[in-house]
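Protein chains in written order, with our numbering: chain Z, 1 to 101; chain U, 1 to 238.
No wet-lab data here; the hints were simulated from the structure.
These figures come from a predicted structure and were not determined experimentally.
Check before you lean on any hint, since a few could be wrong.
What the hints assert, rightly or not - Straight-line distance between alpha carbons at most 25 Å, and here's what the computed SDA-like set of lysine to any residue pairs gives:
hint	chain 1	residue 1	chain 2	residue 2
1	U	K7	Z	V31
2	U	K109	Z	G16
3	Z	K39	U	P100
4	U	K7	U	K168
5	U	K168	U	W209
6	Z	K68	U	K7
7	Z	K39	U	W209
8	Z	K41	U	L68
9	Z	K83	U	S106
10	U	K109	Z	V37
11	U	K69	Z	K82
12	Z	K39	U	L191
13	U	K69	Z	M8
14	Z	K41	U	L222
15	Z	K83	U	W209
16	U	K168	Z	P58
17	Z	K39	U	R21
18	Z	K39	U	L170
19	Z	K39	U	S190
20	Z	K68	U	A13
21	U	K69	Z	G7
22	Z	K41	U	F202
23	U	K189	Z	E4
24	Z	K82	U	E133
25	Z	K83	U	V185
26	Z	K82	U	L105
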Amino acid sequence: MSVETAGMGTLVIVLGMSVVTLATRWGGVYVMSFVPVSKVKQFINAMSGSVLIAVLTPLAVTGDHAAKAALLTTAFVMLLLKKPLPAIAAGVTAAAILRQM
Amino acid sequence: MRESDTKLHHLDARLIWAGYREMIPLSIFVSAFGAAFGLAAIQAGLSGSSIIAMSTLVFAGAAQFAALKLWGAQVPFFTIMITVFAVNARHLLMGSSLYPWLRHLSRPKRYGVMVVASDANWAMSMRSFSVGEPGLGLLFGGGVALWSFWVLGTWLGVYFGNAVRDPKALGLDMVMGCFLLAMVVRGEKSLRMSAAWAVAAFASLLAYWYLPENSHVIVGALAGGITGIFWKEQGDER
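Make a model of the complete structure from these sequences and hints.
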């Protein structure tokens, strides 16, 4: 089904996107209300960190040199200073510098 | 004092305000990313008002950029919906990981807080819980900060977008990645976690290369979670 983006069509798509997104924000919480928390604690604990790893790994492996440099710089500054904001700023700056060259 | 310290799910105006303020520095980066979205959406042919409506109602940067790729005079409705769902499916995992704390809230509050859940405020609230501090103020207050700056940035991009004509050249596409990595670096470290992360990394890569687009986060996170169940460590009570 295709929607014309002229007129009301765009609004229909935007509303559809917002409903789908809200469903993802609510769905996990809703499903968990039927599951005893004690049984899935270890799963949740390991899964929550794994979300970040699963976002980052393909980014790091398939990204360009600037992306890789940004992540390496962030990790390095984070280990050094233990403060996220300088680490992020350094990472973004590293990517910007490499892409200017 | 001590008693309130043990209530990690506590949520009041002071905690929300503190969460809002704590998220402002990152939100400024996010507004630059929002400006990049605003400009890209104008170039894709959307009107200014529908772009701002999208950022206000959807509030999910990666999904919004993915929708732009499919934009034209005719837009395939279900393809966009499925893409948005796939990109945002990680919210399902975030919501379930927050449930142990959210369950103490009343239902309207529980779902109200989740309306602004996104990567950065979720990661910060989980980190807060893991060190024994209340995290729901960060989730909600931080979420409101991210949302308001995302909308503001989008608006700036729509009307004054030329400053961010090329967001990649400024490294702006790496803001979220660098932030999430910073959260990983200061997160909990144990042998069990390392095992889960290794499996998650491997599974997400395989999914990225061999499974349908946008499935890698879900596949990697579930694989890591399952590893966490089976990896027993000394001191486990079960």
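Quiz item: Checked against the structure, which of the hints given earlier come out wrong?
Solution: 4, 6, 7, 8, 9, 11, 15, 17, 18, 20, 23 and 26
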